[in-house]
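With the hints as constraints, model all of the structure from the sequences given.
In short: position in the sequence shown from 1, add 12, done, that's our numbering.
Because the hints were derived from the structure by calculation, they are not lab data. Bear in mind the structure is a predicted one, so any value in this text is a computation, not a measurement. Idealized CB from N, CA, C, for every residue including glycine. Just so you know, not all the hints are guaranteed correct.
[Unchecked claim] Restraint ranges, calculated between C-beta atoms of paired labels, are given here:
{"id": "1", "residue 1": "Trp46", "residue 2": "Asp67", "range": "32 to 40 Å"}
{"id": "2", "residue 1": "Leu19", "residue 2": "Arg69", "range": "30 to 38 Å"}
{"id": "3", "residue 1": "Leu16", "residue 2": "Asp71", "range": "35 to 43 Å"}
{"id": "4", "residue 1": "Lys45", "residue 2": "Asp25", "range": "16 to 24 Å"}
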Amino acid sequence: YDRLRPLSYPQTDVFLVCFSVVSPSSFENVREKWVPEISHHCAKTPFLLVGTQIDLREDPN
Numbered sequence: 013y014d015r016l017r018p019l020s021y022p023q024t025d026v027f028l029v030c031f032s033v034v035s036p037s038s039f040e041n042v043r044e045k046w047v048p049e050i051s052h053h054c055a056k057t058p059f060l061l062v063g064t065q066i067d068l069r070e071d072p073n
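Take a look at the structure:
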């Protein structure tokens, strides 16, 4: 899907980029894949970074 996904980007007003706050690899994926991809294809389109599962941040299980 890497080659097809950018075809859906034109005319996008804003991107919501979500990651799990309890999964460091989730945030790493945002940094290494999604932000560079969005910046490359839609440099002027804003994105909003959304941390999910914050309720699990202090849950030991």
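### Task
Return holds or violated for the Cβ distance of leucine 19 and arginine 69 against the range 30 to 38 Å.
With Cβ atoms ~36 Å apart, the hint holds.
### Hint check for aspartate 25 and lysine 45 - Cβ pair distance inside 16 to 24 Å
Holds - the Cβ-Cβ distance for lysine 45 and aspartate 25, about 21 Å, lies within 16 to 24 Å.
### Message
Taking 32 to 40 Å as the stated bounds, is the beta-carbon spacing between tryptophan 46 and aspartate 67 within them?
### Response
23 Å, violated
### Task
Confirm or reject the claim that leucine 16 and aspartate 71 have a C-beta distance inside 35 to 43 Å.
Holds, since leucine 16 and aspartate 71 (Cβ atoms, about 37 Å apart) stay within the stated range.
Hint 1 alone, counting from the list given before, is not met by this structure.
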